[in-house]
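**Q** First to last, the protein sequences are chains A and B.
Every position in the first sequence, counted from 1, becomes a number in the numbering used here once 414 is added.
Every position in the second sequence, counted from 1, becomes a number in the numbering used here once 2 is added.
Please keep in mind that the hints were generated in silico from the structure rather than gathered at the bench.
Worth double-checking, as some hints may not be accurate.
To be verified - Calculated pairs, DSS-like style, for lysine-lysine (alpha carbon to alpha carbon, straight line, at most 27 angstroms):
1) LYS632/A <-> LYS148/B
2) LYS173/B <-> LYS34/B
3) LYS661/A <-> LYS520/A
4) LYS40/B <-> LYS637/A
5) LYS661/A <-> LYS50/B
To be verified - DEER-style ranges, computed between Cβ atoms:
6) THR19/B <-> ASP609/A: 27 to 33 angstroms
7) PRO629/A <-> LYS99/B: 42 to 48 angstroms
8) ASN630/A <-> THR19/B: 38 to 44 angstroms
9) PRO435/A <-> VAL31/B: 40 to 46 angstroms
10) ALA135/B <-> LEU428/A: 53 to 59 angstroms
11) ASN32/B <-> LEU511/A: 42 to 48 angstroms
12) VAL77/B <-> LEU428/A: 21 to 27 angstroms
13) LYS661/A <-> PRO137/B: 38 to 44 angstroms
14) PRO629/A <-> ASP55/B: 28 to 34 angstroms
15) SER458/A <-> LYS50/B: 36 to 42 angstroms
16) SER458/A <-> ASN149/B: 50 to 56 angstroms
17) ASP609/A <-> VAL77/B: 29 to 35 angstroms
18) ALA41/B <-> LEU511/A: 41 to 47 angstroms
19) LYS40/B <-> PRO456/A: 28 to 34 angstroms
Keep in mind that this is a model prediction, so the values were computed, not measured.
All C-beta atoms in this analysis are idealised placements derived from N, C-alpha and C, irrespective of residue type, glycine included.
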Amino acid sequence: MRRLNNLSESSDYLTFRSSVPLRNICVDNSDGKSWKVYDAGPKSVRCPLIFVPPACGTAEVYFRQILHLSACGYRVIAVEAPRSYWNVNDWCIGFQLLLDHLRLDKVHLFGASLGKFWMLPAIFLKRLIMPSLVTKSYDPDIIEAVDFVAEKVVLPFQVNTINRLELASRLTLNCASSRVHPERIRGLQFVTIMDVFDEYALCSPVREEIYDAFPNGKLAQMKTGGNFVYLSKYEEVNVHIKIHLRKFESGSYSAILVPYDTS
Amino acid sequence: MATKKKGLLKVIILGDTGVGKTSLMNQFVNRKFSGQYKATIGADFLTKEIMVDDRVVTMQIWDTAGQERFQSLGVAFYRGADCCVLVFDVTLPNTFKSLDSWRDEFLVQACPRDPENFPFVVLGNKIDLGNAAVPSKRAERWCQSKNNIPYFETSAKDATNVEQAFQAIAKNALAQESEQDLYNEFPDQIKLTGDSNRFNNNDAGCSC
Ligand SMILES: Nc1nc2c(ncn2[C@@H]2O[C@H](COP(=O)(O)OP(=O)(O)O)[C@@H](O)[C@H]2O)c(=O)[nH]1
Ligand SMILES: [Mg+2]
Numbered sequence: 415m416r417r418l419n420n421l422s423e424s425s426d427y428l429t430f431r432s433s434v435p436l437r438n439i440c441v442d443n444s445d446g447k448s449w450k451v452y453d454a455g456p457k458s459v460r461c462p463l464i465f466v467p468p469a470c471g472t473a474e475v476y477f478r479q480i481l482h483l484s485a486c487g488y489r490v491i492a493v494e495a496p497r498s499y500w501n502v503n504d505w506c507i508g509f510q511l512l513l514d515h516l517r518l519d520k521v522h523l524f525g526a527s528l529g530k531f532w533m534l535p536a537i538f539l540k541r542l543i544m545p546s547l548v549t550k551s552y553d554p555d556i557i558e559a560v561d562f563v564a565e566k567v568v569l570p571f572q573v574n575t576i577n578r579l580e581l582a583s584r585l586t587l588n589c590a591s592s593r594v595h596p597e598r599i600r601g602l603q604f605v606t607i608m609d610v611f612d613e614y615a616l617c618s619p620v621r622e623e624i625y626d627a628f629p630n631g632k633l634a635q636m637k638t639g640g641n642f643v644y645l646s647k648y649e650e651v652n653v654h655i656k657i658h659l660r661k662f663e664s665g666s667y668s669a670i671l672v673p674y675d676t677s
Numbered sequence: 003m004a005t006k007k008k009g010l011l012k013v014i015i016l017g018d019t020g021v022g023k024t025s026l027m028n029q030f031v032n033r034k035f036s037g038q039y040k041a042t043i044g045a046d047f048l049t050k051e052i053m054v055d056d057r058v059v060t061m062q063i064w065d066t067a068g069q070e071r072f073q074s075l076g077v078a079f080y081r082g083a084d085c086c087v088l089v090f091d092v093t094l095p096n097t098f099k100s101l102d103s104w105r106d107e108f109l110v111q112a113c114p115r116d117p118e119n120f121p122f123v124v125l126g127n128k129i130d131l132g133n134a135a136v137p138s139k140r141a142e143r144w145c146q147s148k149n150n151i152p153y154f155e156t157s158a159k160d161a162t163n164v165e166q167a168f169q170a171i172a173k174n175a176l177a178q179e180s181e182q183d184l185y186n187e188f189p190d191q192i193k194l195t196g197d198s199n200r201f202n203n204n205d206a207g208c209s210c
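Could you put together the complete structure from these sequences and hints?
**A** Next comes the structure, spelled out in structure tokens:
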């Protein structure tokens, strides 16, 4: 098939692969429980930005944030949970252990499709990953992003039975609807919600629910982007991340080593 | 099309420091004015939903501090802008003289598809001070010479013309957006003929 641009052959991706090592970190003693971690940027930053992939993604989907934001002086970490976390509670405990291991106690979190964690019933299990990989868009940026996710995420799952377990675990997590309580996070002060105006997997009620969950949240809307806006429109996403983080720049929650020129 | 797309309009405000860019945005979005000067740090934005001709559109208004600061955000800051608002202080002629370079700066960075017809709106602010050093005639002449840019004399302090100006900004931005929709919807119609290979249509989304 004639291809557009293959993101996995792009210079961005190749630079990422050759400059940011993938670490496997075991946080508890049992088998198969290692986190995959990319940690880029100055290690002296004690309050980094941590990217948590959506159910249908791997830590790699954030390569454009890892690469470009670390180049600006931010410490950027992307994590991927081990397979065999079957519920949100396990995930949270594991994540806490990981933070301990990395000696971090306060972090900035970036999650994609977080709403799915508490909104979608199991019946949507299949529709959850599949439609996001079919795009009606003619925007080359969006097509490239979808192709990249399909290649990096779905193809390996289809050929590799061990990975199926991992996928099953993620989808179970994804569907454990009652475990995350929106009212517990409602009070969060500094939240930026990124959203795209074109069609994507989240239906409107879910979207409204997320807006409601963060009444103090800042809405960063983008015209287009599809399901993987951090890949397709990464420059815009990175601008919104920088704006979000700027509030913290001068304090102990700074995610950047040298604040960029403030003249 | 049966369903109207929800619209998002990206508006960028440019002009010298102190002319009242942040105040105008705050007056429009929050209906508040503060006489105290607080320097804007970097670029930031506010959103407001408004009605334009029975249509709900979300306006995302980008405010900036000095030139150097928002350049650190890169060209992504300008990308996809639907309208650019140029602001000067009617009591300070130098801020008016800067409009040319702000306009050029925008066109170079945003690189719009059709620079000649890209929608700008000019606001002469602080009209409440009453000692305008830039006469309306002079500002209007400049606007006419730049392909008839709409001109408003505003006060962020007492809200004079602020609502009107932003309505005009939205209308102009929408007019330009509907032209772009023509480009974007064209491939959809090709699809109806049965050719579903998306990769054949990639010329349709070419950027500047
Ligand atoms: N009298 C008067 N003062 C204004 C007006 N707009 C802004 N100011 C004042 O001018 C100063 C600079 O305003 P600001 O919005 O911060 O300008 P910016 O640097 O362009 O964002 C502040 O002290 C404002 O209170 C106006 O319409 N009338
Ligand atoms: Mg300002």
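**Q** Run every hint past the structure and note whether it holds.
**A** Hints, one by one, checked against the model:
Only pairs whose Cα atoms come within 27 angstroms are accepted, and LYS632/A paired with LYS148/B is rejected, the gap being roughly 36 angstroms. A distance of roughly 23 angstroms separates the Cα atoms of LYS173/B and LYS34/B; the hinted pair therefore holds under the 27 angstroms criterion. At roughly 15 angstroms between alpha-carbon atoms, LYS661/A and LYS520/A fall within 27 angstroms of each other, so this suggested pair holds. Distance restraint check for LYS40/B and LYS637/A: the Cα-Cα separation of roughly 31 angstroms exceeds the 27 angstroms cut-off, and the hinted pair is therefore not satisfied.
About 22 angstroms separates the Cα atoms of LYS661/A and LYS50/B, which keeps this hinted pair within 27 angstroms; it holds. Between THR19/B and ASP609/A, the C-beta spacing of about 32 angstroms keeps the proposed range 27 to 33 angstroms intact. Take PRO629/A and LYS99/B: their Cβ atoms lie about 44 angstroms apart, and the range 42 to 48 angstroms holds. Between ASN630/A and THR19/B the beta carbons are some 29 angstroms apart, a value that contradicts the proposed interval 38 to 44 angstroms.
Checked against the hint of 40 to 46 angstroms, the pair PRO435/A and VAL31/B passes, with Cβ atoms roughly 45 angstroms apart. Distance hint for ALA135/B and LEU428/A: a CB-CB separation of about 57 angstroms, consistent with the stated range 53 to 59 angstroms. Evaluation of the 42 to 48 angstroms hint for ASN32/B and LEU511/A yields a pass: the beta carbon distance comes to about 43 angstroms. Range check, VAL77/B to LEU428/A: about 23 angstroms between beta-carbon atoms, so the 21 to 27 angstroms window is met.
Our hint of 38 to 44 angstroms for LYS661/A and PRO137/B holds, since their Cβ atoms are close to 42 angstroms apart. Taking 28 to 34 angstroms as the suggested C-beta distance range, the pair PRO629/A and ASP55/B conforms, at roughly 30 angstroms. At about 40 angstroms, the beta-carbon gap between SER458/A and LYS50/B stays in the expected band of 36 to 42 angstroms. Between SER458/A and ASN149/B the beta carbon distance is about 52 angstroms. The supplied range of 50 to 56 angstroms therefore holds.
Between ASP609/A and VAL77/B the Cβ separation comes to about 22 angstroms, which falls outside the hinted range of 29 to 35 angstroms. At about 43 angstroms, the CB distance of ALA41/B to LEU511/A agrees with the hint of 41 to 47 angstroms. Between LYS40/B and PRO456/A the C-beta distance comes to about 30 angstroms, which sits within the given range of 28 to 34 angstroms.
Hints 1, 4, 8, 17 from the earlier list are contradicted by this structure; the remaining hints agree with it.
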